[in-house]
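Taking the hints into account, I'd like the entire structure generated from these sequences.
For the record, the sequence lines run as chains A and B. Per our numbering, the first sequence starts with residue 1, numbered consecutively. Per our numbering, the second sequence starts with residue 1, numbered consecutively.
It is worth saying that the hints were derived from the structure and are not from the lab. Virtual Cβ for every residue (Gly too), placed ideally from N, Cα, C.
With the Cβ distance kept under 8 Å, some of the chain A side facing chain B (calculated, not the full set):
hint : residue
1    : Phe6
2    : Ala50
3    : Ala69
4    : Leu76
5    : Leu81
Stretches of chain A that chain B covers, calculated by requiring three or more beta carbons in the stretch to come under 8 Å of a beta carbon on chain B:
hint : region
6    : 15-27
7    : 41-47
8    : 53-59
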Amino acid sequence: MLLNQFLILSAVLFSIGVYGVLTRRNGVMVLMSIELILNSVNINLVAFAAFREAIPGEVFALFVIAVAAAEVGVGLAMVLLLYRNRRNIDLAEIDSMKG
Amino acid sequence: MTGFFLSQIEGLDPLTSGEVLVAQNVFFALIALVMILAALRMVTTENIVHAALYLVIVLAGAAGMFILLGAEFVAVTQILVYIGAIIVLFLFGIMLTKGSFGTEEGEFRERNQMAVLVGVLIVAVTSGSFIDSFRDAELNREAPSTTAEIGDTIFGQFIIPFEAISVLLLAALIGSVVIARRDL
Chain A
1 MLLNQFLILS
11 AVLFSIGVYG
21 VLTRRNGVMV
31 LMSIELILNS
41 VNINLVAFAA
51 FREAIPGEVF
61 ALFVIAVAAA
71 EVGVGLAMVL
81 LLYRNRRNID
91 LAEIDSMKG
Chain B
1 MTGFFLSQIE
11 GLDPLTSGEV
21 LVAQNVFFAL
31 IALVMILAAL
41 RMVTTENIVH
51 AALYLVIVLA
61 GAAGMFILLG
71 AEFVAVTQIL
81 VYIGAIIVLF
91 LFGIMLTKGS
101 FGTEEGEFRE
111 RNQMAVLVGV
121 LIVAVTSGSF
131 IDSFRDAELN
141 REAPSTTAEI
151 GDTIFGQFII
161 PFEAISVLLL
171 AALIGSVVIA
181 RRDL
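Shown next as structure tokens:
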């Protein structure tokens with residue numbers, strides 16, 4: 001197996017995730033697209049760990065998974081608060097802090 | 001019959017012989033195709049619950065990729081944490097905010113073409129630089145990494161980041177409780 005096939009797969013998944021973040025208006029959908037991005041980064045890290053036959057890449061992937069779990073917890077709490085206060089999680093309409 | 005096949009398998013040099021490599025490439029192509037299709041459907045589908053289920057397919061495919069790369073512990077963690085916990089969290093989030101979009105009309109923003117352009121540019125630039133720098137670099141790992149090695153590395157070299165992660169998780173736990181509480 002080539003290293004490049006994993007790297008290019010993760011680049012494709014990353015860009016699909018970026019597309020999701022930019023186009024979706026639902027707050028939960030944006031969080032899910034961010035998960036896609038973090039996951040593609042994980043594939044990259046593990047591919048480099050296999051390439052260099054080193055463990056730290058895999059350890060970093062585990063750290064990324066832990067940070068992603070924390071991020072989803074806080075993010076969903078914020079979306080829930082938004083829904084409770086405004087009955088709406090359309091990110092295009094939440095512009096109170098717009099300058 | 002099975003003994004014959006077993007002896008055939010034992011005769012192969014694990015992970016580096018030709019037949020195993022062909023099988024690895026076939027599985028890579030299959031999983032990669034499924035992952036990319038599911039990811040595309042996830043960001044384009046109107047139904048948010050379906051999007052969460054497509055995300056499950058992508059995450060399971062990523063776990064398959066980790067196994068192909070010989071990182072078993074990361075694959076198991078991926079399935080436990082992502083598919084087991086985070087997806088359930090997402091489904092609860094979708095359920096609790098249901099009805100905020102009605103029929104999901106206008107779920108997408110207007111700047112669709114710009115987003116497509118950004119995505120294509122990211123793929124083009126990163127793939128170009130990958131191909132330029134790692135032309136035909138082969139992955140020739142001799143054996144999959146063991147959980148013992150990962151444990152040694154986490155609790156030796158990376159003990160301080162590990163402790164920082166535990167504090168981060170505690171902060172996220174308290175923070176999300178405080179944010180989502182009703183009477184505060």
